[in-house]
Amino acid sequence: MSDASDIGGRTAIVGIGATEFSKDSGRSELRLAVEATKAALDDAGIAPSEVDGMVTFTMDNNPEIEVARNLGMNDLKLFSRVHYGGGAGGGTILQAAMAVASGVCDVVVCYRAFNERSGHRFGIGVQDRPPAPNTENAHYAWYSPYGLVTPAQWVAMFARRYMHTYGATSEDFGRVAVADRFHASTNPAAWFFQQPITLEEHQASRWIVEPLHLLDCCQESDGAQALIITSRDRVKDSPNGGAIIEAAAQGASKGQEMMTSYYRDDMAGLPEMGLVARQLWATSSLTPADIQTAVIYDHFTPFVLCQLEEFGFCGRGEAKDFIKDEGIELGGRLPINTNGGQLGEAYIHGMNGIAEGVRQVRGNSVNQVPNVQYVLVTAGTGVPTSGLILGRDN
Amino acid sequence: MSELIDALRAFEGRVIGPPTRALDAVNEPMIRHWCDAIDDRNPIYLDNDAAKANGHRGIVAPPTMLQAWSMRGLGGRTGATAQDDLLRLLDSHGFTSVVATNCDQEYMRYLEPGDRVTTTVTIEAVSDEKKTGLGVGHFVTTLQEYRDDAGEVVGTMRFRILKFAPQPKVEPRPQRPRPSITRDNAFWFEAAKQHQLLIQRCARCRQLRHPPGPMCPHCHSLEWDTVDASGRGAIYSFVVNHHPQVPAFDYPLVVAVIELEEGTRLVSNVIGIEAHDVEIGMPVVAEFVAFDDELTLPQFRPGLN
Ligand SMILES: [Zn+2]
Numbered sequence: 001m002s003d004a005s006d007i008g009g010r011t012a013i014v015g016i017g018a019t020e021f022s023k024d025s026g027r028s029e030l031r032l033a034v035e036a037t038k039a040a041l042d043d044a045g046i047a048p049s050e051v052d053g054m055v056t057f058t059m060d061n062n063p064e065i066e067v068a069r070n071l072g073m074n075d076l077k078l079f080s081r082v083h084y085g086g087g088a089g090g091g092t093i094l095q096a097a098m099a100v101a102s103g104v105c106d107v108v109v110c111y112r113a114f115n116e117r118s119g120h121r122f123g124i125g126v127q128d129r130p131p132a133p134n135t136e137n138a139h140y141a142w143y144s145p146y147g148l149v150t151p152a153q154w155v156a157m158f159a160r161r162y163m164h165t166y167g168a169t170s171e172d173f174g175r176v177a178v179a180d181r182f183h184a185s186t187n188p189a190a191w192f193f194q195q196p197i198t199l200e201e202h203q204a205s206r207w208i209v210e211p212l213h214l215l216d217c218c219q220e221s222d223g224a225q226a227l228i229i230t231s232r233d234r235v236k237d238s239p240n241g242g243a244i245i246e247a248a249a250q251g252a253s254k255g256q257e258m259m260t261s262y263y264r265d266d267m268a269g270l271p272e273m274g275l276v277a278r279q280l281w282a283t284s285s286l287t288p289a290d291i292q293t294a295v296i297y298d299h300f301t302p303f304v305l306c307q308l309e310e311f312g313f314c315g316r317g318e319a320k321d322f323i324k325d326e327g328i329e330l331g332g333r334l335p336i337n338t339n340g341g342q343l344g345e346a347y348i349h350g351m352n353g354i355a356e357g358v359r360q361v362r363g364n365s366v367n368q369v370p371n372v373q374y375v376l377v378t379a380g381t382g383v384p385t386s387g388l389i390l391g392r393d394n
Numbered sequence: 001m002s003e004l005i006d007a008l009r010a011f012e013g014r015v016i017g018p019p020t021r022a023l024d025a026v027n028e029p030m031i032r033h034w035c036d037a038i039d040d041r042n043p044i045y046l047d048n049d050a051a052k053a054n055g056h057r058g059i060v061a062p063p064t065m066l067q068a069w070s071m072r073g074l075g076g077r078t079g080a081t082a083q084d085d086l087l088r089l090l091d092s093h094g095f096t097s098v099v100a101t102n103c104d105q106e107y108m109r110y111l112e113p114g115d116r117v118t119t120t121v122t123i124e125a126v127s128d129e130k131k132t133g134l135g136v137g138h139f140v141t142t143l144q145e146y147r148d149d150a151g152e153v154v155g156t157m158r159f160r161i162l163k164f165a166p167q168p169k170v171e172p173r174p175q176r177p178r179p180s181i182t183r184d185n186a187f188w189f190e191a192a193k194q195h196q197l198l199i200q201r202c203a204r205c206r207q208l209r210h211p212p213g214p215m216c217p218h219c220h221s222l223e224w225d226t227v228d229a230s231g232r233g234a235i236y237s238f239v240v241n242h243h244p245q246v247p248a249f250d251y252p253l254v255v256a257v258i259e260l261e262e263g264t265r266l267v268s269n270v271i272g273i274e275a276h277d278v279e280i281g282m283p284v285v286a287e288f289v290a291f292d293d294e295l296t297l298p299q300f301r302p303g304l305n
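Chains as they are written, first to last, in the numbering used here: chain Y, 1 to 394; chain W, 1 to 305.
Just so you know, the hints here were simulated from the structure itself, not pulled from any lab data. Because the structure is a prediction, the values reported are computed rather than measured. Treat the hints with care, since some could be wrong.
[As the list claims (entries may be wrong)] Listed below are several chain W residues computed to face chain Y (Cβ distance under 7 Å; list not exhaustive):
id, residue
1, Leu-46
2, Arg-109
3, Ser-180
4, Pro-211
5, Ser-237
6, Val-246
Here a beta-carbon is modelled for each residue, glycine too, at the ideal position from N, C-alpha and C.
With the hints as constraints, model all of the structure from the sequences given.
The following block contains the structure:
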């Protein structure tokens, strides 16, 4: 069976909207959701009454119908949730694109809104997870009684093995943080606007969980991001232009666990992201050489290296050299996370990264890469995940 | 420390305040109220004839009322005393809590209506530092002497308190996070309580699998049994946790993926080694630790067996 899907190039993101990104929004999550959605619809020049589909994360606390009712929307023909935390990002776009390409919907909103810093913080982990006897809780039975309870800890286990296998170092991870913070430093929307870091500062930052320093870990943020998906032929009517969804894909692979796929033969790769990569390349008929810039999911720096390898920007174990020699900052071979990423801009579960992909295609990023034709955007790693390729409407 | 002992000893023999004469003479109404309150129906306290029949001149007061006759009422006492000084001295050395430990009374004669007692209080003894169930402290014994107007001692009371340093409350260690027990994983945690490290095995194709599940992913059999792992393995990967700190654990905390010699992997803690000495490939061996009544888990220590 082919990895290519029929949705390639038939739909587009025509609107993006976000709240400010903060550590304490002072507002309800629902209000963040409706603010971002209204802003995205305004950006697209589309009225709320035209929306007929809503997609968000299973982790989102704002039901589709609540957002729809507050915005005075009419009939919804698709309401859908994607599971597995930050892995959902591109999956929401895939759902929307499938709904539009198949004719089920005309306009779909994908959104994510949370007070992840001032409310429930993911960084605390699952130490208090009530042990109700169900399969999803039972997964943590093999980890939390040993004190392995946070996303940083789960990822660090892979990072240690990756370092062992390929000789990568903490400094190699640190270069990702430095690039993100460099890009954030010129982005007024970023939490770390005008606060670049050096590799020395990365190395000196305290341990969170060895081998991860504090500056290997993304922020915790309050905020919301919404995106408007419709058919490609409506791009010409969009006041701010659109980004064609050249391909969208999800991936969960053999032996998949939520953050703890420790039982596969190899722990130094991300096969589920490899599956996403194969589908994206097949559907779009593109290769890594066609990509000018990328938003590589960066909740923790080590998995950025694994993703560069899974997408074939470099060979296995060579990401450390790719980053050092080819460059992932503006002016390099593959500038990544030009918004500052989740380490620098905000942690909105990757949805703010999709918006940056749209800006790069539109040509109005604060860190615009020249002559962008195609942008790769990936979703959460270590979990069942997803990705997108966005392109210009030529 | 001996300086404090010397200072405490200096209080021994000191009289607390001037002698105080009771506000009221011994009287029948107070005797009757007392007997009502404590439900004492001894007729020598309540009935003149009965008292006389027992060789008294008339009604007598219950001996245990001794202290009651000398009480000053609410807010009665004023002025600092040697006892205040002693208690403050003990407070200043951290012995801030107080508990009465015992009270011994001695009665020389029955008090009769019309008697009026006068009380003198002396600090009789201050003990060396003692270790007690409540904490470290000093016992302070005071002697109260009750005299009638003729100056005869009618009774005494020795009252002992313990002034002690309250022990910091030792909170019981919070428990490790509980595993969610389902029908698919219960056998493993039950076996761990018996100090068995089990690996689930397909009953048909004999493939081992961990974490366990209801179906063999190779041959799809729902039948399974277990094998008893040797407990020997090697560290496949590991992390050293620093933050956040869950109260049940000591930090830095080493958590590792262990590859057992049978071929399956599991996550556990590595103990008995400094975190910075842990390495991938290091041979480890399991031992079982009962963390509480509900939770026993394998932990791994460097070594070959
Ligand atoms: Zn089988």
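Okay, the hints, checked on the actual structure:
1. Because the closest C-beta pair between Leu-46(W) and chain Y is about 65 Å apart, greater than 7 Å, the hint is violated.
2. A cut of 7 Å between beta carbons decides the hint on Arg-109(W): the least distance to chain Y is about 69 Å, and the hint is violated.
3. Nearest Cβ of chain Y to the Cβ of Ser-180(W): about 4 Å, under the 7 Å cut. The hint holds.
4. With a cut of 7 Å, the hint placing Pro-211(W) at the interface with chain Y holds, because the nearest CB-to-CB distance is about 5 Å.
5. Because the smallest distance between the Cβ of Ser-237(W) and any Cβ of chain Y comes to about 4 Å, under 7 Å, the interface hint for this residue holds.
6. Annotation: Val-246(W) was flagged as interfacial toward chain Y, and the flag holds, the nearest CB pair being 5 Å apart, inside 7 Å.
Checked against the numbered hints above, the structure violates hints 1, 2; every other hint is satisfied.
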